[in-house]
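Undergrad: The primary structure of each chain is shown beneath.
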Amino acid sequence: MSSRSPTPPQEPTPSRLVGSLAVAGFLSGLIIIGIYVATLDTITENKARELREAVFRVLPEVTQMQKLQYDGERVVLKENGKDDENTLYAGYDDKGNLAGYALASDGPGFQDTIRVLFGYQPANNKVVGMWVLESRETPGLGDKIYKDAAFVTNFDNLSTEPPIVTVKRGTRSRANEVDAITGATISSKAVVRIINQGVEKWHQRLPLPGNEPQLKSEGRT
Amino acid sequence: MDDLIWIFISALLVNNFVLAYFLGLCPFLGVSGKLETSFRLGLATTFVLIITAICSWFLNTYVLTHAPYLRLISFIVVIASTVQFIEMAIKKLSPALFQSLGIFLPLITTNCAILGLAIFATNRGYGFWEGLIFALGAGAGFTLAMVLMAGMREETGINEVPALVRGTAFNLIIAGILSMAFMGFAGLFSST
Amino acid sequence: MNEFLTAPAIMTGLGLFFGVILAVAYRLLKVEEDPRLEHTEELLPGTNCGACGEPGCVPFAQKLLSGEVKPSECTVASADDIDAIADFLGVDAGEAEKRVARLHCGGGKAQAYQIAEYDGFESCRAAAVVSGGGKGCSWGCLGLADCEVACDFDAIGMNDNGLPTVDVEKCTACGDCVEACPRDLFEVLPLSQKLLVQCNIPLAGQAVTVLCTAGCDGCGKCAADAEPGLIEMKDELPLIHYDSGLPVTPKATARCPTGAIQWVEGDQFLDPNQSHENRKRYAQLH
Amino acid sequence: MGLLFSLRRSFAHGVHPEHHKEQTADLPIQRVPFCSRYVMPLGQHIGAPARPVVEVGQRVQRGQLIGEPGAFVSTALHSPVTGTVRDIGPHRYIDGNFRPAIEIEADPYATQQLPRPTPIDWRSLDIEQFIAQVQHAGIVGMGGAAFPSHVKYAIPEGQQIDDLLVNGAECEPYLTNDHRLMMERPEAVIHGTEIVRQKLGAKRATIGVEKNKPESIAALKAQIGERPIEVVALEVKYPQGAEKMLIKAVYGIEVPAGELPRDVGVAVNNVGTIVAIADYFDSGMPLIERIVTVSGPGVAEPANLIVPLGTPIREVLRFCGGLKESTREVIMGGPMMGTPIADLDAPILKGSSGILAFTAKETGRPPEYPCIRCGRCLEACPYFLNPSRLAKLGRARMFEEMKEQFHVMDCVECGACTFACPSNIPIVQLIRTAKDNLRQRKG
Amino acid sequence: MATLSNKMNAYDEMLKGIWRDNPVFVQVLGMCPMLAVTNSAVNAIAMGLATFFVLVSSSFLVSGMKAIIPKQVRISIYVIIIATFVTVADYTLLALFPAVHKELGAFIPLIVANCMILGRQEAFASKHSVKFAVMDAVGMAGGFLLAMFALGSVREILGEGKLFGISLFGENFEPWVIMILPPGGFITLGLLLLLFNWVGERRKQFLAQVAAVD
Amino acid sequence: MSKHDPKLLLQSAPLLRQGMTTPAAMRDVWIALLPASLAALWYFGLAALLVLLTSIAGAVLTEWLFTPRERRAITLHDNSAALTGLLLGLTLPPALPLWMAFLGGMASIGLGKIIWGGLGSNIFNPALVGRAFLLATFPNAMTTWTAQSGPADFLTLHASNLALPFMQAPTVGAGTDAMTTATPLNLMKFEHQGTDLGALLLGNTSGSLGETSALLLILGGIYLFLRRGLDWRIPLGILGSAALFSAALFLIEGDKYPTPLFSLLSGGMLLGAIFMATDPVTSPVTPKGAWLFAIGVGLLVVLIRVFGGFPEGMMYAILLMNAATPLIDRYTQPRAFGRKRATK
Ligand SMILES: Cc1cc2nc3c(=O)[nH]c(=O)nc-3n(C[C@H](O)[C@H](O)[C@H](O)COP(=O)(O)O)c2cc1C
Ligand SMILES: Cc1cc2nc3c(=O)[nH]c(=O)nc-3n(C[C@H](O)[C@H](O)[C@H](O)COP(=O)(O)O)c2cc1C
Ligand SMILES: Cc1cc2nc3c(=O)[nH]c(=O)nc-3n(C[C@H](O)[C@H](O)[C@H](O)COP(=O)(O)O)c2cc1C
Ligand SMILES: Cc1cc2nc3c(=O)[nH]c(=O)nc-3n(C[C@H](O)[C@H](O)[C@H](O)CO)c2cc1C
Ligand code: SF4
Ligand code: SF4
Ligand code: SF4
Ligand code: SF4
Ligand code: FES
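Residue numbers (this note's numbering), protein chains in the order written: chain U, 58 to 278; chain S, 261 to 452; chain W, 13 to 298; chain H, 5 to 447; chain D, 13 to 226; chain A, 3 to 346.
If you're looking for bench data, these hints aren't it; they were derived computationally from the structure.
The reader is advised that the hints may include incorrect statements.
As the list claims (entries may be wrong) - Below, computed lysine-lysine pairings styled on DSS-like, alpha-carbon distance capped at 30 Å:
| # | chain 1 | residue 1 | chain 2 | residue 2 |
| --- | --- | --- | --- | --- |
| 1 | A | Lys290 | H | Lys439 |
| 2 | D | Lys78 | U | Lys135 |
| 3 | W | Lys121 | H | Lys407 |
| 4 | H | Lys407 | A | Lys290 |
| 5 | S | Lys351 | W | Lys121 |
Unchecked claim - Chain A is faced by these chain H residues, among others (derived, beta-carbon under 10 Å):
| # | residue |
| --- | --- |
| 6 | Cys39 |
| 7 | Ser40 |
| 8 | Arg41 |
| 9 | Glu372 |
| 10 | Gly379 |
| 11 | Leu382 |
| 12 | Gln444 |
Quick reminder that beta carbons are idealized off the backbone N, C-alpha and C, glycines included.
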């Protein structure tokens, strides 16, 4: 009991209350913007690198990429603005030829939402790579969807026509089949379902072969 | 529609705020000793969660697109002020409602379930309805966990729990076992 | 660089906006409350023990504000705390006389006869409802510690003789033991009242001695030895009139044949040979 | 369901203890000889104690009034013997406490004859006079609770008794006093029933007897004649004799909690009470003796006895050959609801239906285990309480909750729950402790 | 107030937070971050350090400005101060340790809601000098860090057989998956608290014995 | 018969007791479980015996270690700790490393019972707490089901049984895979493949030790019922509601969902409904509450089995309803005699 004021504290004027709140807000705004600006470059760079790594992982033999946006009718180059569910990435090889698209898709897994990025070549209905961006699947079981190399490589060359199906481990025989992970059938199926949904969503939107967006500049972002 | 249902079920059972995300533990451990109170706190929390969902959607859509770096602080300021305003209004307009729900409001505004909801909803890019359903599910899940916990604590209160165990340690262990039981909901409606 | 302006601007705006709203709301929606209540409450111990006779600390605080009670009536708060409250409210702290719970029975295992054997739930009240628990004296202490359990301040312990001993230091005079005892043996008395009757039996003579060697047999010697008028024999028991203002001395205990009346400084039952002591004193006097 | 229960002539829940009545069921009622010292507690009944109207040293005749009713809910007290008043003061009562009592030393040379019978013309009495007479006769309920009978007959304005229910269930194990009474004096039972029925203005009377007493049922039926009295054979189940259960079994009516039988138009009397009334109006003899079953494995010679009130239990047992070496516990009343006796000098009271002695075999119990919430107590409790919860709360000293939420005050302490409990939890004792606590708080 | 402060020993203030008044084991504060991110020792330490930074800086600022903050809006202002420092911590982590930031994810902003931080401002920093406020903050945050580390390492050791990512028991160790799952968090913290109580009890008994001998 | 002699006992009435005691009630459950336990030995050989014995040992040892000295004599004597161990053992897969079975026994009693204050005070079924703990801790080992060995090779042991404490089973991958099979529920959930009802009744399918033979479990249930050892409402309510729910699903889409009969006879349904949901300590005491509890369990099992992530839902369904038991009890107080409504 350190504050033993004999009388209850006086009430200050409302304007002083409002004023001090405003001042606090002002100062805090200043500090925040300071740190934001100071870290902005590094953060953007980190993010870009991460993204590039992910895109390069799901699209083999790609060396350059650019960000695109589906605007409701067509796919256009995205210069800036926030990413949303209609954002996609195109990957190009050394010579600037389009090698495929990197598409993000998500859906419920065993525990929580799983978000994956997968490489897709609409020309030959193929998934050419898969990378888990986000998941809270059980360590030791569900996390094999990104930790188990055998599972991840399932997606390196996978036909999506007819849609991908999961089969019991070791019984994979067709081009559209994925070996499930023993003990994590559900997570495996979830990944497949998420990719199928992604393919379904994007297949119609992507430009036909020949109409692909060209690589602008030297592949920024 | 399916998505909305899954968001609700997920927040209610599979990814219960308290039992899977560890959000709102202070009131969960502190208040869940009495059933009546727990239930009312649950209702009040659901109410604040809904307010939060609305505020955060508003901020995300109209303010933060210009200044994303202000996300955290503006959430805090706006949610806290709105709730405080509502609290004063209830106190004045309906003392009965204030007695049953309002007295919890200050307690709730400072807990992490509220901020957690705003942040999760933003991170996941939820729209208005999604955010609202998420808040409803999270609130219902919080209430469910609170009420189950309160029932168990009232029951164990008259049992011969060893003196050394009684208290927070015991409540955490009960919560742990409850959380283990809630694992049974994992994968609900996502596997088929 | 315009970000350096937006951020502070938005924040200042938010601060102003909500500051004004809340300030206005505060004016319009304010509910009157005594502003001193909160602080008074903080100064109280917050144990909600009820020793003050109020249902808890908050109601006590309310009565403090309205002047119905004095700070010192809280028996749990330390002297410093009481002064602080009195200071804060600008009232008189009040005089508190230290009071403690005293037992009106000295018939432990070694003194009182057991006529039957009790077999059941270990609680005085439970035993009392099963034909008196087998103790010959149906007024005496049953020794199954209901009072010890009831005391929230850990002030009561059961001694080897099966009687509860009250730690004078720890007792806050809350009266819980008075309520718990099925035989109504406790009374909260000022610590300064050192002459105590440790028996409650309304019988006299041999009817008492066949039940308990420490019982008051109603002989009246204490009344005779004390200042005339101080002790009255009522229902075969000495009744001490402290309010008479007459001097109270250990003399009254000197000839008590059973030790039922005692001169107690501090805790009761500290000395297992007390009744023996009484007899010695009697011998010295004559 | 209601129909089903009424067809089965029983109530829901309850337990089936072994009835152990064979020890005394065939033993005719005998009279114990007089002894030297009698103790008549002033308060042997529910209500205010009687006021002594004699002085120490005064000579009293058998049947002479020695105590006046202390209030309306109180009855008169009469001397069980001819002798001299020795003391008026605290004496040990069966509940272990000391209670004011009149001690009478019997005159060893007195004949102990009653004055010549002076029948009372009950037909000419109006209800007030009848009530006054019953109160003056010192008659209280002999079914255990010792509630002054005349109070039951004082029906408040606006209420009407349609049915008189005579309780001959005798559901307590070991006891056979009511059974012997019904067998040996069926005419007195029927006669008493008619007196009370007519005075209360009830249309019908029903005598409820458990099926395990076919001789009693037959004897009663043989005496009815044209009277509007019915004898009903009830299922053998404990506590069939508890009045609300009996009403439920016979009429299918549930007496609301906190209300009395008369609120549903029923008056309930034990057969012993009925016979006491019959005897009083036939001979003018007030209540100075009663029938007591002495039984149990610890008694040398079990018996059904007519015992003058105030006789020390020790004397009754002596007449029955004393206690066996192996006796560990003596109780007054039945084994389910009786009171254990701490001091054998305590006297026989108006409400003492039996003296039972038990040996280590019956009193030795397995250790107490924690409650495993098996629910057997709930299924036993005829009052549909939750004894398991009550016991837990009782231990945790949460008395208010027991009362407010779990209706502890509705418990009649029948003991069915404790009987059924596999964990040997002293449920009834915990309940009684809590009730005692609550009563003290209120007072 | 000055006199009060003078009577106190700054080091005592610091030490009490670490053991006697440990914010987690004794005061049971800040449970949410405590449980949410302690599935490995590294995460626990990162979160602990972020909390440390926020608590110490806010205490410093609050005690420094206590004279000019109006009482009625003090809580709002504390919250603004805390939220500012949390944002600072958030961006710093994101820039310098993106991997750690990814793991801690949503829980860094939740430091704002950690009752321990606001509690210290209200109960201590706003009433004491800068020196004591900082000392107290260091002690409390240190105690928090310690508790985080204890929980994090137990969970990582049993849950993965590793500590700081280094394998402890060889390849064949069977990990206790539950430790990394939510129930494991609750139960382990419960058992740690139990252990803490038990040690405290034993200590009290021991001290009582020593006193008796004296 | 002198004045104070013999010193009489004072015991509160009633003096009579029904005769059934708590240890005897527990013993009845043991007897009722005997056929199913023997079947486990018959089908799974020595491995079954070892798993059962270690889980019992883990349970009993923990009970003994953590019970205050003065209560030890009676807690071990009441047969309940060993029963918990046995029930836990019956829910484990046959090839489980023994050290895990032991740990499971310890978790059952430690987390499921002792912490709560011992017999009668726990809210959750201890055996299932132990199993849930094991499943969450060692999900791989706990979902590795081996084919039945049959009485011929009674003595063969699985290498995995003998794994060193804290270590994985020595042969991961090929070795165990050769022996592993899917349980009827796994087949149903992931392959939409039924199992012959005859096999389910007799028990020659894979699964946990005690769950395979429906017939013997029902036999045990009947024995317990006759001995009044269980509350008949609970198994009846669970089986009834589960049957109705799965019948409804089956009618809607027969080729996707199992038949009701399959639901009732497969997996832990019967073991759970007869022996675990009926644990008196952790189920409601009130009759109405028992019905609610049972229906809740029945619905949850089918919900989890059909729509959830796990092929089997009995354990979680029971644990979840255990958590709700205090609330159920509170709101289903019997209506006291002569009172209008039950108050809460
Ligand atoms: C604690 C625990 C966590 C689990 N986590 C996952 C998971 O993250 N992903 C998954 O597909 N299955 C998980 N499972 C397993 C599923 O419940 C289910 O048994 C499995 O997916 C099907 O088994 P199978 O793949 O061996 O056929 C988990 C099981 C347990 C016990
Ligand atoms: C205060 C009080 C008043 C009673 N008044 C009446 C009454 O007016 N009429 C009546 O028939 N019974 C009355 N009773 C008696 C009860 O109905 C009941 O017969 C008695 O308590 C003993 O019943 P039991 O042996 O079933 O416990 C009264 C009881 C009490 C305690
Ligand atoms: C559990 C219980 C059992 C009882 N059993 C009997 C019994 O068997 N016979 C009987 O006459 N009264 C029995 N009574 C007393 C009756 O409830 C009721 O008080 C009595 O029949 C009223 O008649 P009375 O006032 O003439 O005694 C029992 C009471 C209770 C509470
Ligand atoms: C019918 C019956 C079923 C039981 N079922 C279980 C059970 O499923 N799991 C368990 O641990 N104990 C069981 N027990 C034993 C006992 O009730 C259990 O150990 C307590 O929950 C421990 O407090 C059962 C006992 C009985 C009488
Ligand atoms: S219960 Fe009795 S001994 Fe204990 S503090 Fe209160 S008055 Fe004193
Ligand atoms: S004083 Fe009263 S409560 Fe205390 S032990 Fe004696 S009889 Fe029991
Ligand atoms: S003693 Fe009370 S609680 Fe027990 S069965 Fe009888 S009426 Fe019910
Ligand atoms: S009969 Fe006994 S063990 Fe069973 S619920 Fe009732 S009190 Fe508990
Ligand atoms: S830390 Fe989460 S509610 Fe307090």
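Undergrad: State for each hint whether it applies.
TA: Hint by hint, here is what the structure shows:
no.	hint	verdict
1	Lys290/A <-> Lys439/H	27 Å, holds
2	Lys78/D <-> Lys135/U	49 Å, violated
3	Lys121/W <-> Lys407/H	35 Å, violated
4	Lys407/H <-> Lys290/A	22 Å, holds
5	Lys351/S <-> Lys121/W	61 Å, violated
6	Cys39	14 Å, violated
7	Ser40	16 Å, violated
8	Arg41	14 Å, violated
9	Glu372	9 Å, holds
10	Gly379	4 Å, holds
11	Leu382	6 Å, holds
12	Gln444	18 Å, violated
Hint compliance for this structure: hints 2, 3, 5, 6, 7, 8 and 12 are broken, all remaining hints hold.
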